[in-house]
Structure formats: C-alpha cells, structure tokens
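Visitor: Whenever a hint applies, use it, and build me the whole structure from the sequences.
Under my numbering, residues 1 to 336 are what the sequence shown spells out, in order.
These are computed hints drawn from the structure, not numbers from a lab.
Quick reminder that beta carbons are idealized off the backbone N, C-alpha and C, glycines included.
Mixed in with the good hints there might be a few duds.
Stated by the list, open to error - Label-pair restraints from in silico Cβ distances:
1) I204 - R99: 35 to 45 angstroms
2) D269 - Y86: 18 to 28 angstroms
3) R68 - K201: 16 to 26 angstroms
4) K48 - H129: 26 to 36 angstroms
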Amino acid sequence: MDKRVIFAVAGSGKTTYIVDSLSKRKRSLIVTYTIANYNNLSKKIAEKFNGTWPECITLMTYFAFLYRFCYKPYLSDQLKAKGVFYEMNTYKYVSQSQRSYYISPGNYIYSNRLSLLIEKSGVIEEVKHRIEKYFDEFVIDEVQDIAGRDFSYLEQLMDANLNMLFVGDFYQHTFDTSRDGNTNKNLFNDRNTYEAYFTSKGFICDKTTLIKSWRCSKNICSFVSGMLGIDICSNRPDSDNTTIRFVTDPSEIQQLIADSSIIKLHYKDSARFGTDHRNWGDTKGEDCHMDVCVLLNKTTALMYSKGELRKLAPSTRNKLYVAITRAKGNVYLINE
1 MDKRVIFAVA GSGKTTYIVD SLSKRKRSLI VTYTIANYNN LSKKIAEKFN GTWPECITLM
61 TYFAFLYRFC YKPYLSDQLK AKGVFYEMNT YKYVSQSQRS YYISPGNYIY SNRLSLLIEK
121 SGVIEEVKHR IEKYFDEFVI DEVQDIAGRD FSYLEQLMDA NLNMLFVGDF YQHTFDTSRD
181 GNTNKNLFND RNTYEAYFTS KGFICDKTTL IKSWRCSKNI CSFVSGMLGI DICSNRPDSD
241 NTTIRFVTDP SEIQQLIADS SIIKLHYKDS ARFGTDHRNW GDTKGEDCHM DVCVLLNKTT
301 ALMYSKGELR KLAPSTRNKL YVAITRAKGN VYLINE
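Guide: Structure (structure tokens):
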C-alpha cells in the first residue's frame, strides 16, 4: 500500500495535483473540508473528464463523509438521528455514555461529536472495511483542518488496507473540524510532532513535491518566509515585479478602499464594511484574487512595526498567511 501525506504551500497546486492523479481505472474517495475547496475540486474533476463525472470517483465534504458514509449504514436505524447540528452541546456535564452527549433534543448529532459517536458505537472496523470494499484509494484534501476528536478518528482509519493520499498546508490550519475539550489541543503546536503522527502509521511525509507557489510572486514569498517564518518559494520568474508594501498615505488608502476590484481582508468582523470585505481566514482555498489589501488589526500592526510577525499567536499568524497568499498580484498592508 502507498500511503503518503504531502505538505504543501499556498498556491502550489494541491487541487491540480489531486485531480491529475485521478483515473477511470481506479476507484477514488476524495474528502475535503471547506465548501470552497469542494467546489474547486468538483469543477476541475468535471473539466478533466470533459464534463462527464466518472462513477468511480466520489467527492464528499468531511461531514458528509462522516454522516452518510460512516454513520448511516451502521447506526441510522438504531439512533434515528435526523442529521448533523453544527453547534456545540450546551450540556457541559453530560456523560459520554448518554445519548444527549452526542445528539440534541431535536434529534440532530452534534458535529464535533459525530466521529466520537461512531467510535464509541464500535463500528470503526466496519467503516474501514467499507472504505476498502468500495475504493482503491482514500484521498483527503486540507488534511490540516481535521483536528480534535476527528484527528483521533482519522488515525484509526489510517490502518485501512488501501492506498491513501493526504494533502495539506500545516500553516493553513485556521479551522477545526471539531473542538471538544482538550482532545488533541496541542496537535498543531509543533510541525515535527504533527508529522510524527503520520510516520507512526506508516505514511511517507513528502515535503518537496508542493513547496513552490504558482500563485504568489518571489517578493510575496520572500515576505512570508522572512516576516512570518513560513518557508515558501515561488514558481514564478524572478522578473515578476509584484510587491508587498505598507501603505500610509491617506489618499492612497482611500483609493484602495474604494476600489471594488481589490478585496479587503480583515482579522475579523469584515461584514461591517461591505461586500468586498472578508475575514483573513475565510478566503482559504480561493484562487481568484489579483491584488489584495490586508488590514492589520492593532496587535498585528504593532508586531509588524517591530518586525516580529512570526511571534504572533499561531492561529493569527496562519490566518495572516492565508490572507497574504491569496494575491496573484500586489499586496497592500494598511492599519485597520
């Protein structure tokens, strides 16, 4: 069995790599987390096969995979849940042995406990056999977003007897599939430790195939590497003269804000500003932006002025990395 995890950088062609590996001669299960990536994969798969979707390829979002593929065949008749509820359980002191720990009063399964419910119900082996029966390979895009109890669940699936390809960017960990107590709370504190989870399961850690960005220029990549401490190189020519710079001139700032062709990215609360304003982390998986304006909140602006962006809290640094690397063109940094 070939089992590998590819550590990619922003704009390096993760989706293209996955789609290029697909074939009508093998049965592939592809799981991804964000809707943006699901839509991107769906579009590129359809294009690869000239608008006809091969029956041998199954593409699912992560929670659709958990609910439809892992839960329903084995537990639906027994538990009779209506679906998945994407809110936290407000009953803090319920025991794991009680139904209400996993399922809401309205009979919906709490998303952050769905994988644990499957595990506690004793059907993990059946799920692994089902994957082996229907597919030749198991592909996960955005593997860095599988966290908490879901990562523990994934570790068990890694033992299944089929080829596996996981692709992700460690530093684009901005969302968690599940947050529930302290389970795997330190999973993303150290990259070497994170990689060790995969190697202990017999995976090859590939850190060379997708280390260069097609989206970002040399100047943008140099800024990210030097200021954020995240190693990234560019596949684009040295003659590419796109820039990243801090803008202080009030009239230029006004022009940038007024230009609807330039997306404005905020740390949070972007909805207060208009339709061409988004939050840093919410644009992950998007590949449609030329110039980007990144608004720095107070803490980030201070760290930038001191040349200490790499000292930001990991979650903040990762979101800023996502924001900056959306740009195919120039990046403008301004104080919010």
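Visitor: Honestly, which of those hints from before does the structure not fit?
Guide: Those not satisfied: there are none.
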